[in-house]
Amino acid sequence: MSEQGIFDMKHMIAWGLSCGGYYAVRIAYTQGESLRGAVTYGAGVHLCSDKEWLEKADMHEYPFAFLPAMWKKFGYDSIEEFKEKAQKSFSHVDTGFVERESTRLLLINFQRSSLEGKMDQLLDLSG
Numbered sequence: 001m002s003e004q005g006i007f008d009m010k011h012m013i014a015w016g017l018s019c020g021g022y023y024a025v026r027i028a029y030t031q032g033e034s035l036r037g038a039v040t041y042g043a044g045v046h047l048c049s050d051k052e053w054l055e056k057a058d059m060h061e062y063p064f065a066f067l068p069a070m071w072k073k074f075g076y077d078s079i080e081e082f083k084e085k086a087q088k089s090f091s092h093v094d095t096g097f098v099e100r101e102s103t104r105l106l107l108i109n110f111q112r113s114s115l116e117g118k119m120d121q122l123l124d125l126s127g
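Take 1 as the starting number for the sequence shown in our numbering and just add one per residue.
One should not assume that every hint holds.
Restricting the straight-line Cα-Cα distance to at most 20 Å, the calculated cross-link-like pairs of lysine to aspartate or glutamate (EDC-like) are [said to hold, decoys possible]:
| id | residue 1 | residue 2 |
| --- | --- | --- |
| 1 | 85 | 58 |
| 2 | 10 | 33 |
| 3 | 51 | 80 |
| 4 | 56 | 81 |
| 5 | 51 | 77 |
| 6 | 72 | 55 |
| 7 | 51 | 3 |
The set of hints was computed from the structure by calculation and includes no laboratory data.
With these hints in hand, go ahead and build the complete structure from the sequences.
Next comes the structure, spelled out in structure tokens:
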């Protein structure tokens, strides 16, 4: 986008909801120097990729079975493989993203959600 000369990237923000919020946080750490900030709504960044959390994911308030959608989306061969490998691959803590500098982050959470806990987003602030 910056190479096209259409946008002034210093006035751009990343915004995302749920899984998109996860990526908005990731962009804040990986592309932060190119953005004004990032806004996330309900973004899980560590605990939601934990095997124990994933074991219970289909019982949360999604209107569909969560795990079949996620393991296929991320290219795993099975739900079990996704449960075993997701934490190492997607946790912003385990991948070291929270140790990096980031742009400004506005973290908004679902107050009463069982999907993404408040503690999960606080891990982004600990780095």
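Hint check:
no. : hint      : verdict
1   : 85 <-> 58 : 18 Å, holds
2   : 10 <-> 33 : 8 Å, holds
3   : 51 <-> 80 : 9 Å, holds
4   : 56 <-> 81 : 16 Å, holds
5   : 51 <-> 77 : 16 Å, holds
6   : 72 <-> 55 : 16 Å, holds
7   : 51 <-> 3  : 40 Å, violated
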